[in-house]
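Starting from the two chains in their separate frames, assemble the complex, guided by the hints.
So the protein lines, in turn, are chains A and B.
Residue numbers 1 to 174, in UniProt numbering, belong to the letters of the first sequence in order.
Residue numbers 1 to 448, in UniProt numbering, belong to the letters of the second sequence in order.
Bear in mind the hints are in silico, worked out from the structure with no lab data behind them.
Cβ atoms here follow ideal geometry from the backbone N, Cα and C, with glycine treated the same way.
Be aware that a few hints might be false.
As the list claims (entries may be wrong) - Which chain A residues face chain B? A few, computed with CB under 8 Å, are given here:
#  : residue
1  : 34
2  : 75
3  : 79
4  : 82
5  : 97
6  : 101
7  : 125
8  : 127
9  : 128
10 : 135
11 : 136
12 : 137
13 : 141
14 : 143
15 : 151
Okay, here's what each chain looks like letter by letter:
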Amino acid sequence: MLNINNTENIENVEFTPELIGKFNEIVSRYPEGKQKSALLPILHEVQAIAGWLSVPSMNKVAEFLNIEYIEVYEVATFYTMYFLKPQGKYVLEVCRTGPCCLVGAEKIMKHIESTLGVKEGEVTSDGLFSWRGVECMAACGNGPVLQIGPEYTFYENLTEESVNQLIGKLKNNK
Amino acid sequence: MTRQLLLEHINVPGINTFEVYRRMGGYSAVEKAIKTMGPEGVLEEVKTSGLRGRGGAGFPTGMKWSFLAKPEGVPRYLVCNADESEPGTFKDRYLMTYIPHLLIEGMIVSSFALGAHTSYIYVRGEMMQQIRILEQAIAEAKANGFLGKNILGSGYDLEVYVHPGAGAYICGEETALLESLEGKRGNPRIKPPFPAVSGLYNCPTVVNNVETIAATVSIINDGGAEYAKIGIGRSTGTKLISAGGNLNKPGVYEIELGLPVEEFIYSDEYCGGIANGKQLKAVVAGGSSVPILPANLILKTIEGAPRLMSYESLAEGGFVSGTMLGSGGFIAFDEDQCIVRNTWNFTRFYHHESCGQCSPCREGTGWMEKVLFSIENGQGRSSDMDLLVNVAKNIEGNTICPLGDAAAWPVASAIRHFRDEFEWHVNNPVESQSRNYGLANYAIMANS
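This is chain B alone, in the form it adopts within the complex (with noise of 0.2 Å):
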């Protein structure tokens, strides 16, 4: 069994009140943070303990806190990205909505180590329900003294505040997420600066996902040595993985970081397989912005070695035969799903989801729509799948955030590993409509 360091008390009845949290050793990080370790000392076990941002990009969280600028008499602000929207992932909002108070706490020794006084949980405007249980956890945390002024009789005053977004995906980027907190749309910002030096409010700021923060209270209570013991090379801890698509069990799933893919797509711990007998076509390990993989290369990187549930493990081979773990959104598509239409689909999220700032993704993306949409419809021309190939190359990189690169990657992966799907499509418009490709070779060696 893995070892659960943020699900492990997440069947205990009542584990969303105070009450009952506190009584499973709730709020001891916040007591150890700021009676024994002060904020240097909160930092230094947070880079030991080599936890790595979970909300995509897997950037190390303590350097990113040691970017922090600290000017004199200027407020520092820490920001939860609770805006959970990259297709595929659910993780955020399970989390919130049974352990709550995991999350309170993270923000407590978080927002303590970086210094900052007033808080936000910036949380998508859908999760309303989510929304209310948290504002009701900050209310009992303060009752209790963990929260409001003089925490502990320290001196120390926090307070932490929920915001809720409004149903746009640009807003999981932290400068669109800033943008959209200071009441604006959420175009995402030019870098420099960032917002370690100017964020919020142009004060110095620190964004970080709920099961990044999350992750911090039990590097407090164990030490960042014993986080890091966990997990596989620089790939430090558990991650919560959300699983979806064709799945026997799909679910929310804390992992040890370094769990090969196979044992967890077929073992009964896990996802216990592929829904109704069917077999493995593709997947999608990190959320819909990550290279599209088909199940060889899911399961084996191209030299043969089991591909494992780490940054480093699924990224082998790069592009070319590798993919991301990203925010650990999983969807595993079975034979009999069409590859190009779910690329299209995606596709159009994208160009529903660009905020129109820079021309490459708010054209490039509806250009891929469309030439997708003629291909699933019947419609498609043999040079089409050049013609994506070259859109999606003029957007990536070529944008003022990553929404475009996003935007790209579903679309040149699916088109290197299932090419010979798009082209089947073209070649044979009429029974295109009315059945679908199957499982590819690659698929049927995988499976055997």
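For reference, chain A alone in the conformation it holds in the complex (with noise of 0.2 Å):
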């Protein structure tokens, strides 16, 4: 859900000329006056600045590809990948669908919700952490995967103890 009046919703992407110069390329792919195409791979990049889409980056993405607020909004809200509120700062994303969970998926959450502390979507206190389930990642003869972006990194045949140490990890790297 995405609620415009929310007040975490500040301007957190700075639209720096570098980063515009890569919206240029990402435009340049396609057709002129076809720059709408460019949204998806441009609302990634202001993702991995952020963590997630706040409103008043999404307006500036419109004023960018000169299209509608709301045609930036609409497609925000569709796409799973796409964040509308704060996030952790990393975002452990654990398949739940039916291959992976015939090799252990659902005692993955589990453990990875008791390991953490918090709820599948909810950050931890000190805002490193927060999972989610998500469908289907592809990845399936190697079960039970999960990912993290925004380079959504891969880990694969994972086990209570593979989740620890990736989860200390993490800690250390801050």
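Okay, here's the thing in structure tokens:
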């Protein structure tokens, strides 16, 4: 759900010349006048910087692409990869679909929930972690699997121990 | 050993680089197509090969290409569907990760045949790693004169771009994919018009799966007739199978179509049998959308003939006793798996992924999810199975795109073949919370 009046909706991404340059390169992949095609990749770029998409950021994307604000909102609310509120620095996204569940994904999710001490979608008090179940990630041969944005690094064949190690490592990274 | 057309060089160190790929004979299909065959020649070879779409529908690729409208002065597009999201399917990720130039080479010959000068590879957004790999491969191909202006001095120009999705299963449906590529919500379009007439930016467009496009390379190199010799009947060539679930050796296998299912599951050359010494209970043979079959019906048809990994053999018996090859997402269930829980899980998936345009799908998937959840949690009623069949029947065929069918088939087939397990859940609400139903009779017979 998108709440335009949410007080968390601060302007949190600076559209630097470098970033605008990157946007222009993306727009150049599409025919003249079809710059709206660049919307999904540009939203990924914005989210990679701030960790989520605030309304002021989306408005600036709309202005850059010369489209209506609503055209950005309707896309951002449709696709599950876009976050519309702040997340933990590391978002652990665990596959919850059938093939991964056959090999223990539900146990892994319970373990993550108890280890981090927060429910699905909530952020730990130190701001480092949040987690959620996501649908099939096309890695069913090495389940259970989880991914961490913005580079969507994959961690496969998960066990409780490997999850502990991963969380420990990320904590040390800060 | 199965002939390997796609994965032959997958274990060659450095095959992900242009240099090694080229040294192993890569990009010879581009040279052959552009210098000696011409677009019509490429199309004829693909038609002769009998290649069928590898994304799930199995539509003849040559025929799809021949439908492409060619009005004067209007650009045509090739779009590669790399939005691999069908639960159980992970072959395209594998191919793009390890041998990306095979896809790029296929993109070039296919675009050449279709007369496209700009082509897109729509990769699901989570595959950021594969997006980087493909962008690198495109840059290498371009630096070596196989992409860009005047390819190999022929006067043919082509640019290939990678476009990321953002986590929507529905964008694997070709018209939803085109909407998404235009920067919109992934709502499937009403057909007709088909993309071949009005696709990307309302221009004639062909959308093909990663594996389909990659398969054109060996068809050009060896000829369509050679390709057609592999396989069985109208299931020509090789197919990548994503094997997952409770198998000793899950992974991606390239098989010749026509391989017996039993050999695929139990032979050490492939999956090596069921993990942990357990017995096979059921199989979903072509990705989560296709009907689930109990062990006896996946190994043999109802007439007792060995079931083969081919479009026709898997479909034998229709939906009464057969299934579909689909995308080749092969999911094996061992004796400890609960069919009710899995059916609920798959239905939750379809409810989550329904785009919401059509009421039967938007509402029906939610109802099915709720009913299945209550059965799974010991609150089912004896009328629920008929209710589920009824809802599934009212979704099927009543939606703009096939997601509705894809949501209905797993539920209808699970109840058709595993009704006793659903009834056991309803009749044993307490016991079903602490133990699984186990193997049904038909599975015991198949395993003995």
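Which constraints among the numbered hints does this structure fail? Numbers only, ascending. 7, 8, 9
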